Amino acid sequence: MTGPSMPLAAVDPVAQGDHRLKEPPGPPPQQKGHRTQHDEADGGEDQKAGEGVGGRGHSVTRVMSDYNFAYLDEQTKRMIRRALLKALAVPGYQVPFASREMPMPYGWGTGGVQVTAACLVPEDRLKVIDQGADDTTNAVSIRRFFERTAGVATTGHTEAATLIQTRHRIPETPLTEGQILVYQVPIPEPLRFLEPRETETRKMHELEEYGLMYVKLYEDIARHGEIATAYAYPVKVAGRYVMDPSPIPKFDNPKLGGCAAIQLFGAGREARIYALPPWTEVVSLDFEDHPFVASKADHSCALCGAGNSYLDEVITDDRGSRMFVCSDTDFCAGRQAAGKAGSEGPKEGA
Amino acid sequence: MNTIMTGGFAEPAIQSARTFRALLEAMARPGRIGTVGGAEPPAPLSVAAGVVLLVLTDPTTPLHLAGDADCAAVRSWIAFHTGAPLVAAEEAQFALGTWNALQPVTRFLIGEPAWPDRSATLIVETDRLEPRGARLTGPGIGTEARLTLPETAAFRLNRAQFPLGFDTILTCGDRLAALPRSTRVEDN
Amino acid sequence: MYVAVKGGERAIDAAHAWLAEERRGDPAVPELSVAQIREQMTLAVNRVMAEGSLYDPDLAALAIKQARGDLIEAVFLIRAWRTTLPRFGASEPVDTGAMAVDRRISATFKDLPGGQVLGPTFDYTHRLLDFALAAEGEAPPAPTADVRDEPVPHVATLLNRDGLIEDEAPDDTPPPDLTRQPLELPASRALRLQALARGDEGFLLSLAYSTQRGYGRTHAFVGELRIGRVAVKVELPELGFAVEIGEVELTECESVNQFRGSKTEPPQFTRGYGLVMGQSERMALSMSLVDRALRWQELGEDFTGAPAQDEEFVISHCDNIQATGFLEHIKLPHYVDFQAELELVRRLRREALLAANPGAEEAAE
Chain Z
5 MTGPSMPLAA VDPVAQGDHR LKEPPGPPPQ QKGHRTQHDE ADGGEDQKAG EGVGGRGHSV
65 TRVMSDYNFA YLDEQTKRMI RRALLKALAV PGYQVPFASR EMPMPYGWGT GGVQVTAACL
125 VPEDRLKVID QGADDTTNAV SIRRFFERTA GVATTGHTEA ATLIQTRHRI PETPLTEGQI
185 LVYQVPIPEP LRFLEPRETE TRKMHELEEY GLMYVKLYED IARHGEIATA YAYPVKVAGR
245 YVMDPSPIPK FDNPKLGGCA AIQLFGAGRE ARIYALPPWT EVVSLDFEDH PFVASKADHS
305 CALCGAGNSY LDEVITDDRG SRMFVCSDTD FCAGRQAAGK AGSEGPKEGA
Chain H
86 MNTIMTGGFA EPAIQSARTF RALLEAMARP GRIGTVGGAE PPAPLSVAAG VVLLVLTDPT
146 TPLHLAGDAD CAAVRSWIAF HTGAPLVAAE EAQFALGTWN ALQPVTRFLI GEPAWPDRSA
206 TLIVETDRLE PRGARLTGPG IGTEARLTLP ETAAFRLNRA QFPLGFDTIL TCGDRLAALP
266 RSTRVEDN
Chain F
200 MYVAVKGGER AIDAAHAWLA EERRGDPAVP ELSVAQIREQ MTLAVNRVMA EGSLYDPDLA
260 ALAIKQARGD LIEAVFLIRA WRTTLPRFGA SEPVDTGAMA VDRRISATFK DLPGGQVLGP
320 TFDYTHRLLD FALAAEGEAP PAPTADVRDE PVPHVATLLN RDGLIEDEAP DDTPPPDLTR
380 QPLELPASRA LRLQALARGD EGFLLSLAYS TQRGYGRTHA FVGELRIGRV AVKVELPELG
440 FAVEIGEVEL TECESVNQFR GSKTEPPQFT RGYGLVMGQS ERMALSMSLV DRALRWQELG
500 EDFTGAPAQD EEFVISHCDN IQATGFLEHI KLPHYVDFQA ELELVRRLRR EALLAANPGA
560 EEAAE
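So the protein sequences, as listed, match chains Z, H and F.
When we follow this note's numbering, the leftmost residue of the first sequence carries the number 5, and every step to the right adds one.
When we follow this note's numbering, the leftmost residue of the second sequence carries the number 86, and every step to the right adds one.
When we follow this note's numbering, the leftmost residue of the third sequence carries the number 200, and every step to the right adds one.
Derived by calculation from the structure, the hints in this document are not laboratory data.
None of these values were measured; they are calculated from a predicted model.
Check the hints yourself; a few may be wrong.
What the hints assert, rightly or not - Have a look at the derived ranges for each label pair, beta carbon to beta carbon: (1) Z/VAL219 - F/ARG326: 40 to 46 Å; (2) F/TYR323 - Z/GLU223: 58 to 64 Å; (3) H/VAL172 - Z/GLY262: 38 to 44 Å; (4) H/LEU171 - Z/HIS294: 43 to 49 Å; (5) Z/ARG227 - H/TRP200: 51 to 57 Å; (6) Z/GLU223 - F/THR356: 55 to 61 Å.
From the three backbone atoms N, C-alpha and C, an ideal C-beta is built for every residue, glycine too.
So here's chain Z without its partners, still in its complex pose (with noise of 0.2 Å):
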């Protein structure tokens, strides 16, 4: 089965019927496809297709060739860029998409990996992240998708990456010109949890009617004495749409606005697609006495011992003890190899 022509044949249900059963859809197990190379000298750090990040390579990812590069076929790529440069052209506004039914769970990043589709090039190197992490196994699993459907290079390294797809983080390094950061989003509407109405919350952001955000943050701050939201802190994107920015740790916000990079956001069960161009003005909600505040643990990492990246708190013992590592994991690795070191920083050769 080559590329095209399974798509094309399974149109016809009358001839397609047998002759699926004998070859089902998919990948044959033992085929090996077509693989991209790449030969841009980069140190050496990062993966070529097929290889896992970390470098053990012991997981060789084939490459689908049974489906249109990057998964989706052209159609559906036209219609997810089409929203995707109407979502540049109005910053913040939900322009809503005709999703598709991906092969992963809704919820598990379809939104983010159908923009992530719609913008690759095969000359793209892709970094993919969950709580800041490459390992975690749903970024395992997004990038390896990737891998095989598109035989694209991918990486670890922020600085290496030309596409990052993300899941509640942005990295700790800056990023640049360039690069693109896609968010996977679970629920894009800002007003959500204060009316559930689609019908309604797309009247509130028509009018520009935000004053029962701006309530209930008030309450917040009547009944604990500070705003009550710690992740999917809601910005105002260039003066006009409130917009959420999912559920990234309210840490993170600053890191929205002002970006060199191409900032998308996809939700795919909510069919929604919206962006920041770069170096767009975004301003986390708050009042002139009590200003916005973007807060972490009070901790230095103990690996790396840096002061100012956004921590994780790992429980060590059953007695309570607990130490704080930084939760972009890449950011910990490559100050580690620079030397630097926190309390529990590597001693043996882990």
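With chain Z fixed as given, assemble chains H and F onto it according to the hints.
Structure of chains H and F alone, referenced to chain Z:
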């Protein structure tokens, strides 16, 4: 006949991906000029206008051809390569022509208050596309950008309707730049 | 010393290998063939085709095998396959009036043109476990009768002759397709019906049941339920006429509902409609009741706040692939967001305790 069937992408998935990436960068960074290629549309279309059509239009996107672009060779080429239905300016999701041919641009869809994305994208063929002239500021632009524009008043009016408005892709030979509705345009 | 959790790739590989082994079960027991599933688990195959929105019994059977019998997982496999298929056109509307019926019943008339045809139904079986099946006994052949060569008109057509039921004028507007266009609310009835036709059977069943119990009551009778095969015709532009490309089995249900009349309409019956791929009787019945409940606005009825009347609620939540994906995604790591919350709760607690008891800083941590 032959000219109709030739001039498309030889490797559609890959070439569309590369062209789109250039378009994405252009729309994200108003005024930034990018280079594209891979298509050879019939005259009078530029290479850039041709690839934009190939990448963005299909039977679901009503297209308006204005002025010289509305000729038999172009119509046939579009029918063969994209299948985009040709429509009047008022119904178009995409419109293609020189700035003069597209006048008055107030004809084009600017979206609805609840759905600002339902607006036209104008593909404007130009003789000159250089990073000088009108001053551009807004999302996607660090401090300011400069771009040769056919005029500024129409774009200022368009910006005044934000978040409604049309979006513009300027093409010249194998180069293109974009001017989304969010960009503020000044003469100097 | 702490070592960050690594090994996601190896863990995934191993989990997949284990899953494949579990799917096969005890290798001493012969493996199920896809044909066996297709022929002997037909109603499961039908459900997967209906909710997967793809009429292909072979692929549905394969999906069931691959999914270890988890039907929602099988629906998901079919949906993910379906979405990669290019569209080359749409068929003509199928003519269910010309259906070759295997089953056709009406609860509103004792007898009617075309007759009551029970067909292969569980309805009057006694639900007693049949231990003969455990012994793998073959069923004796069912008796046959001659085909009744007469038309089987829709019951609603018969009622409509007297003006007793609302008229449904033919409409040639191409129906929208929520798998190709983003959903926009409020939705047309055609779009609602599409959403329901691929919705989760269990969700629709519960919604339909809730209308019977008074949450959006519509007083439904089964005007007619019919199951059988219909021809699928596609018009070829080159030929200028429609060509039959095959047959599909469908279940159609039309409910007849009480309607007291309004300012502009005299009292008459109204309709709810269900149409599902394959033999999927419970689904078609549920769909027709929910369809009718959703039509309150069009028919000038009151919105009582019942879930089954609420278009946005029903359409946004009836898709089990969306629902199960989002539900199950909470299994993914959320430690970044959780950490943010944890830090917030600690700070709020510290401040609250300090406010209540100055000098209690130690206790708050």
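A quick look at each hint next to the structure:
no. : hint                            : result
1   : Z/VAL219 - F/ARG326: 40 to 46 Å : 56 Å, violated
2   : F/TYR323 - Z/GLU223: 58 to 64 Å : 60 Å, holds
3   : H/VAL172 - Z/GLY262: 38 to 44 Å : 41 Å, holds
4   : H/LEU171 - Z/HIS294: 43 to 49 Å : 56 Å, violated
5   : Z/ARG227 - H/TRP200: 51 to 57 Å : 37 Å, violated
6   : Z/GLU223 - F/THR356: 55 to 61 Å : 58 Å, holds
Taken one by one, the earlier hints fail for this structure at numbers 1, 4, 5, listed in ascending order.
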